[in-house]
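Fit chain B to the known structure of chain A by using the hints.
Number of protein chains: 2
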Amino acid sequence: MPRILRINTRERSWRFEEPGKYAGLGGRSLTSRLVQDEVPADTHALSAENRIVAAIGLLSGTGAANSGRISIGAKSPLTGGIKESNSGGSFCQKLARLDILALVLEDKPEPNAPLVNIVLTKDGVRFDEAGDMAGKGTYACMDAVSERYGKKACAMLIGPAGESLLTGASIQFSDPWGRPARAAGRGGLGAVMGSKRVKAIVIDDEGGTRFGYADEARFKAASKRWAEILRAHPVTGQGLPGFGTAILVNIINEAGAFPTQNFRTGRCEHAPKISGEVMAEYMEKRGGKVKEGCHAGCIIQCSQNYVDPAGEYITSGFEYETVWAFGGNSLIADIDDIARLDRMCDDLGVDTIEIGNTVAIAMDAGIIPWGDGKAALKLLARIADPSDALGRIIGSGVGFAAQAFGIDRVPTVKNQSMPAYDPRAAKGVGVTYATTTMGADHTAGYAICQNMLKVGGDVNPLGKEGQVETSKALQVATATVDSLGLCLFVAFAVLDTPDAVQCICDMVSARHGIDFTPNDFIAIGTDVLKVEQKFNADAGFTPEDDQLPAFMKREPLPPHNVVWDFSVEELQQAKV
Amino acid sequence: MPRILRINTRERSWRFEEPGKYAGLGGRSLTSRLVQDEVPADTHALSAENRIVAAIGLLSGTGAANSGRISIGAKSPLTGGIKESNSGGSFCQKLARLDILALVLEDKPEPNAPLVNIVLTKDGVRFDEAGDMAGKGTYACMDAVSERYGKKACAMLIGPAGESLLTGASIQFSDPWGRPARAAGRGGLGAVMGSKRVKAIVIDDEGGTRFGYADEARFKAASKRWAEILRAHPVTGQGLPGFGTAILVNIINEAGAFPTQNFRTGRCEHAPKISGEVMAEYMEKRGGKVKEGCHAGCIIQCSQNYVDPAGEYITSGFEYETVWAFGGNSLIADIDDIARLDRMCDDLGVDTIEIGNTVAIAMDAGIIPWGDGKAALKLLARIADPSDALGRIIGSGVGFAAQAFGIDRVPTVKNQSMPAYDPRAAKGVGVTYATTTMGADHTAGYAICQNMLKVGGDVNPLGKEGQVETSKALQVATATVDSLGLCLFVAFAVLDTPDAVQCICDMVSARHGIDFTPNDFIAIGTDVLKVEQKFNADAGFTPEDDQLPAFMKREPLPPHNVVWDFSVEELQQAKV
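Listed in order, the protein sequences are those of chains A and B. For the first sequence, the numbering used here begins at 1 and goes up steadily by one. For the second sequence, the numbering used here begins at 1 and goes up steadily by one.
Since the hints were made in silico from the structure, they are not lab data. One should not assume that every hint holds.
It does not matter which identical chain is meant; a pair holds if it fits inside one copy or across any two.
In silico lysine-lysine, BS3-like type, Cα no more than 30 Å apart, as pairs [unchecked claim]: (1) LYS534 - LYS575; (2) LYS534 - LYS464; (3) LYS553 - LYS530; (4) LYS21 - LYS553; (5) LYS575 - LYS151; (6) LYS534 - LYS553; (7) LYS374 - LYS122; (8) LYS122 - LYS534; (9) LYS152 - LYS122; (10) LYS374 - LYS291; (11) LYS454 - LYS285; (12) LYS136 - LYS289; (13) LYS122 - LYS151; (14) LYS273 - LYS530; (15) LYS374 - LYS273.
These figures come from a predicted structure and were not determined experimentally.
For reference, chain A alone in the conformation it holds in the complex (with noise of 0.2 Å):
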């Protein structure tokens, strides 16, 4: 059975042990339980009090296809609340194989004590010195991590924005290519992490063993069953092998729902010439890869390998949050700058939703002038230099820059910048950012679905009704996905395909000989969902802290000149 390593990060001491009350959850279920139980609510986030838990999901581990996600949580240092922010890349799945569910550190050393490496191989933990690649990138970082820890060892890591304890910051991971490009972005876990001195977590797995499963006739018909479905769908089938998340371009901008100026418009002109469309013609024509999956059984393959006119690798996972953040919200018209911003974003080991937004609030402060993607790319830069006070200021997020420069217009929730939908032309992802307990999050409720996919149903964006309910629904599903360690974008196929819940179920009563069925399905995402408000609660958030920000309530978004009409009463009704 799988156990639980804790590190403790001021002694450099570990232990395994059983997982007790944590047994039977996985994923964003054993890390919200985690925190809950262990973390005071109201310790600040880079205090000793905080932890950082890495967990596998339910499926993880198995022939599943899309199984490797591995979630991270913590007390969040950006929105001051719980967060859960998953990830692709081998971590997860290397974990596994060295039998481990999670991996929690704990406490932290003196603010000044030397950077770690902590490294996990099938005889136990070490620490390593960091050495030189403390104040690196992560891409030099990765390569340092293949000279020390060999090709196959992958890493969970910070770049020198968690190293400077920026709240904009992210853990990175690498993916199947040894590459930094994997992220869990939201939420500033990077500057957890940095909190506790630790620069990576590096895993080789040699002599690592697979899991093994209760009744694995059972798992392997389900399996194969699952991997139909995914690969029937249009969308994880066709549209996101085809041209990544960035399709969602075009999509979004038709719909009048792509942020444009910092939230001023819901449709960019040049939106066209940074589109999906535009990236795969560029992929093919420069000898880049369309379609790439982030972990080892991933069979959407939405992930690329994007290169310069060259045909020299610029970046990976490069997504349409990403896109629009720098492209649309900062009007940046030229995608191979966009792309290395992408990159950028990763080496620094920054969330590119939170800074790209962070960018955006810059050029409305001035600072650097609209559009400009050279300026971005140096003022970006400036994040790397601790000393930097602008570049510790655009790190630490778009609440954090808009106070710096007194800017009013601020599109967060909970301190977290908003992505890339309107919330006044997509009511229902609206209703997700501000309910969900993460912050302005797309990923905890996507009720794009349903309202611009026409997949799970087919709601009205710009009216109100259906959106509560839809959103509610979502992020009980979702956080039940979290859970199992599924990437969220089988939600496509799953919400189209009527026996793919009890195929999913199928699959987890066969690994873990127990009878989960669709009502265990919703009971796990629902039970997260209320442990993270009561978390919340006792942090001090209240319904006020589920509503969106006053502008977008008075200010119509063209083109459709909708405005943000919920009551903060009326968004109660989507939490459990």
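What follows is chain B alone, placed relative to chain A:
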């Protein structure tokens, strides 16, 4: 009957109106009622929807001693809640001579509209271009005001910090000598004024008239008794005029509640070197003035003219709080450097408490060395440059700078910095910090009286008993005093003098021709707190926000080794 003057800062228009629903209110009772009624609680504090209101008190413009305090109200960009900050200086009395009860700045122009001076005379209102006053410190601005509007003109003005919209920005007021050394310091109100592109409000009260009295004989008799009361009490009659508020340095340090090195201990070794006694000695030796009132009719005279070794003026309004923030919390041992820091804060237009403590945060982050007064002066000077990112960070206050530098020891409540009394060893004022609507604020309910000074009672500062009741009663009484235009220091005498409240009631009754009783005295303050609590609830504040930071619950404060041990539920008993 004094009128309300409404000024639209976008259109540069103005009109007078009768008090209407604000009749019978003054000072904080007027500002808080107006903010609650006219400012949407969810608005961004720098948006066009916020308003700044300056209101004279119910006893202002009379011959009553110490009745010249002006109250300034708005939604605070620092706390996100309601704010009232009051100040000395000549502004209140000159506003009264123009028969103005309150002045309201509404709306705002474009961010790059030219800065204006709004000039009030007996003939009305006009808008002058601020011209080359833009970007200047308040001392140079007062020279310009003198030149342009005459030596008798007084002003309410912002420095570069307010122009830069920094959340640590104060509003400064000129004293009877034309120096901008008085402040409405707390809560970032200077940024609100800056967002409306107003550099100064200037009053030339030439041709103005004095208020009449409904019953002049009764007023004079009560006013005579009032002056006797203030002169007779040892604090108001001897301690404060003799040594200023810095008389508290040795007292609070002896008591072990003098927060030292970012709230790590309660006692500072060099405190005696920066005490009020030492300051008085220097002023006497060097030819300064130990005793000055901040407005005509002030008989407590706690201010001073502090000079350098050559006898040259450095600063005035040199308070205990400022000496502590730079001298105790930031460990600067040179009282003359601290005086220069006080002057610099007035000149920049920043709150000495907030920014003094931000210097301690900067020292904790290793930006400058602990105790280095010269380095602190250099650091603060950067606030004047809007393009200096480090200056912007420092000028934005404790919570902001702590986040910028990843500091997890953050002594704030509702994002406002704690003042000069560690709540673990001064639990009465700790209850005030937690529960007042103002954020961590000592004046809102100054339980130091009962805890340390044995004024108005004797309550052990280290225990829980009696603190909630004491703080609550003081918060109510203070809200009343703040509505009368009286200087808060009258409270020392009032708490110990049985006929003082009746004397105040006699003055109010005789001025206004009403029957104002001790029950009304209590009712005014209670109503103010209810209005403020409602605004804050609508703005999203919750009982969990009425609490001190976690580290104060965990970490015992030397020398008494006390922790903060009030629960959220216990603290709610201090609310009305």
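Hint by hint, here is what the structure shows:
1. LYS534 - LYS575: This pair counts as both: shortest intra-copy Cα distance 11 Å, inter-copy 24 Å.
2. LYS534 - LYS464: Both: 27 Å inside a chain and 28 Å across chains, each within 30 Å.
3. LYS553 - LYS530: Both, since 28 Å and 27 Å are each at most 30 Å.
4. LYS21 - LYS553: between (44 Å within a copy, 28 Å between copies)
5. LYS575 - LYS151: Intra 45 Å, inter 62 Å, cutoff 30 Å: neither.
6. LYS534 - LYS553: both (28 Å within a copy, 21 Å between copies)
7. LYS374 - LYS122: neither (46 Å within a copy, 56 Å between copies)
8. LYS122 - LYS534: neither (37 Å within a copy, 59 Å between copies)
9. LYS152 - LYS122: Only inside one copy: LYS152 and LYS122 sit 14 Å apart there, 82 Å across copies, limit 30 Å.
10. LYS374 - LYS291: within (28 Å within a copy, 59 Å between copies)
11. LYS454 - LYS285: neither (32 Å within a copy, 83 Å between copies)
12. LYS136 - LYS289: within (27 Å within a copy, 57 Å between copies)
13. LYS122 - LYS151: within (17 Å within a copy, 82 Å between copies)
14. LYS273 - LYS530: neither (43 Å within a copy, 55 Å between copies)
15. LYS374 - LYS273: within (17 Å within a copy, 54 Å between copies)
Going through the hint list in order, the structure does not satisfy hints 5, 7, 8, 11, 14.
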